[in-house]
Amino acid sequence: MQDMVTAKTESADFYYAHGMELMKSNLKESYRQAYNEFIRAKDYVGDYEGIDNKIMETRYKGLSRVFVSVENKSMLKFPKEFEDDLLHSIFQI
Numbered sequence: 001m002q003d004m005v006t007a008k009t010e011s012a013d014f015y016y017a018h019g020m021e022l023m024k025s026n027l028k029e030s031y032r033q034a035y036n037e038f039i040r041a042k043d044y045v046g047d048y049e050g051i052d053n054k055i056m057e058t059r060y061k062g063l064s065r066v067f068v069s070v071e072n073k074s075m076l077k078f079p080k081e082f083e084d085d086l087l088h089s090i091f092q093i
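For the sequence shown, my numbering assigns the number 1 to the initial residue and increments by one for each residue that follows.
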């Protein structure tokens, strides 16, 4: 049993260190990869020091942000719910 605990701890250490290394490049894709590494580390050792802050940081820095505007140029008038549903479906992708 001790060997399994040691293996999990070493795996978490590896993923955490790799995530930290990925963050050094300051690239959006690297932050996305680092996010996955921190999630893996947390899966192995749930209370890894500072892991939740690293997960939040890499998630924020890895997000792509877009501005979406809906403009109806047709002759049909759509209800407000249609626009809401349309925008909601875009952000679910």
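Just so you know, the hints here were simulated from the structure itself, not pulled from any lab data. Please read all numbers here as calculations on a predicted model, not as lab measurements. Where a beta carbon is used, it is the ideal one built from N, C-alpha and C, also for glycine. Treat each hint with caution, since some may be false.
Derived Cβ-Cβ restraints for the label pairs, each shown as a range [said to hold, decoys possible]: (1) 80 to 1: 55 to 61 Å; (2) 67 to 32: 18 to 24 Å; (3) 79 to 27: 48 to 54 Å; (4) 32 to 82: 48 to 54 Å; (5) 7 to 83: 49 to 55 Å; (6) 43 to 69: 35 to 41 Å; (7) 59 to 10: 35 to 41 Å; (8) 32 to 70: 23 to 29 Å; (9) 10 to 52: 38 to 44 Å; (10) 83 to 3: 54 to 60 Å; (11) 8 to 84: 41 to 47 Å; (12) 13 to 80: 32 to 38 Å; (13) 67 to 6: 46 to 52 Å.
Going down the list of hints, with the structure as the test:
A C-beta distance of roughly 59 Å is found between residue 80 and residue 1, which places it inside the suggested range of 55 to 61 Å. Take residue 67 and residue 32: their Cβ atoms lie about 21 Å apart, and the range 18 to 24 Å holds. Checking the proposed 48 to 54 Å range against residue 79 and residue 27 shows it is violated: the Cβ atoms sit about 42 Å from each other. Distance hint check for residue 32 and residue 82: the Cβ-Cβ separation is about 33 Å, which falls outside the suggested range of 48 to 54 Å.
For the pair residue 7 and residue 83, the beta carbons lie near 52 Å from each other, so the given range of 49 to 55 Å is met. In this structure the supplied range 35 to 41 Å holds for residue 43 paired with residue 69, their Cβ-Cβ distance being about 39 Å. Against the hinted window of 35 to 41 Å, the Cβ-Cβ separation of residue 59 and residue 10 comes to about 25 Å, which falls outside the hint. For the pair residue 32 and residue 70, the beta carbons lie near 28 Å from each other, so the given range of 23 to 29 Å is met.
Evaluation of the 38 to 44 Å hint for residue 10 and residue 52 yields a failure: the beta carbon distance comes to about 21 Å. As the Cβ distance of residue 83 to residue 3 is approximately 58 Å, the hint placing it in 54 to 60 Å holds. Separation of residue 8 from residue 84 is about 45 Å and conforms to the stated range, judged on CB atoms against 41 to 47 Å. Taking 32 to 38 Å as the suggested C-beta distance range, the pair residue 13 and residue 80 does not conform, at roughly 52 Å.
The hinted window of 46 to 52 Å between residue 67 and residue 6 holds, with their beta carbons roughly 49 Å apart.
Comparing the model with each numbered hint stated earlier shows that hints 3, 4, 7, 9, 12 do not hold.
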